[in-house]
Amino acid sequence: MAIEPSQDAQRIAESMRHTAEELECAEETLHRSASASPDQRTAERLDRLGDAVTAEARAIARRAGNLAGPARTEPSSSPPEQRR
Numbered sequence: 001m002a003i004e005p006s007q008d009a010q011r012i013a014e015s016m017r018h019t020a021e022e023l024e025c026a027e028e029t030l031h032r033s034a035s036a037s038p039d040q041r042t043a044e045r046l047d048r049l050g051d052a053v054t055a056e057a058r059a060i061a062r063r064a065g066n067l068a069g070p071a072r073t074e075p076s077s078s079p080p081e082q083r084r
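Numbered according to full-length UniProt numbering, the sequence shown terminates at residue 84, and the numbering increases by one at each position without gaps.
The hints are simulated quantities; they were obtained by calculation from the structure and are not laboratory data. Computed from a prediction, not measured in an experiment: that's the story for all the values here. One or more hints might be untrue.
What the hints assert, rightly or not - Simulated restraints on C-beta separations:
| id | residue 1 | residue 2 | range |
| --- | --- | --- | --- |
| 1 | 47 | 22 | 17 to 27 Å |
| 2 | 8 | 58 | 22 to 32 Å |
| 3 | 15 | 36 | 16 to 26 Å |
The beta carbon of each residue, even a glycine, is placed where N, CA and C say it ideally should be.
Given only the sequences and the hints, what does the whole structure look like? Please build it.
As structure tokens, this is what we get:
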């Protein structure tokens with residue numbers, strides 16, 4: 001019999017997943033900026049930063065999964081800032 005994660009753990013995991021999604025958006029912006037940069041060194045730095053942000057987003061999502069199990073797909077789920 002599996003132990004169900006607490007509601008607090010579920011909320012924390014949802015918040016972590018939301019953070020990971022936001023980081024993925026930031027990563028996309030960094031790579032777009034790199035593509036648009038006229039300076040090659042700046043473009044390379046932005047691409048490296050985007051890659052680092054992606055790695056961190058994946059690590060956060062993985063920790064969220066370890067904390068509370070797979071992501072829930074309930075239509076009633078809302079981002080953490082809307083639940084207050």
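key: residue 8 versus residue 58 beta-carbon gap, inside 22 to 32 Å or not   = At 24 Å between Cβs, range holds.
message = Does the beta carbon distance between residue 47 and residue 22 stay inside 17 to 27 Å, or does it fall outside?
response = holds, 19 Å
task = Could you check the hint for me, namely that residue 15 and residue 36 are 16 to 26 Å apart, CB to CB?
result = 32 Å Cβ-Cβ, so the 16 to 26 Å window is violated.
Checked against the numbered hints above, the structure violates only hint 3.
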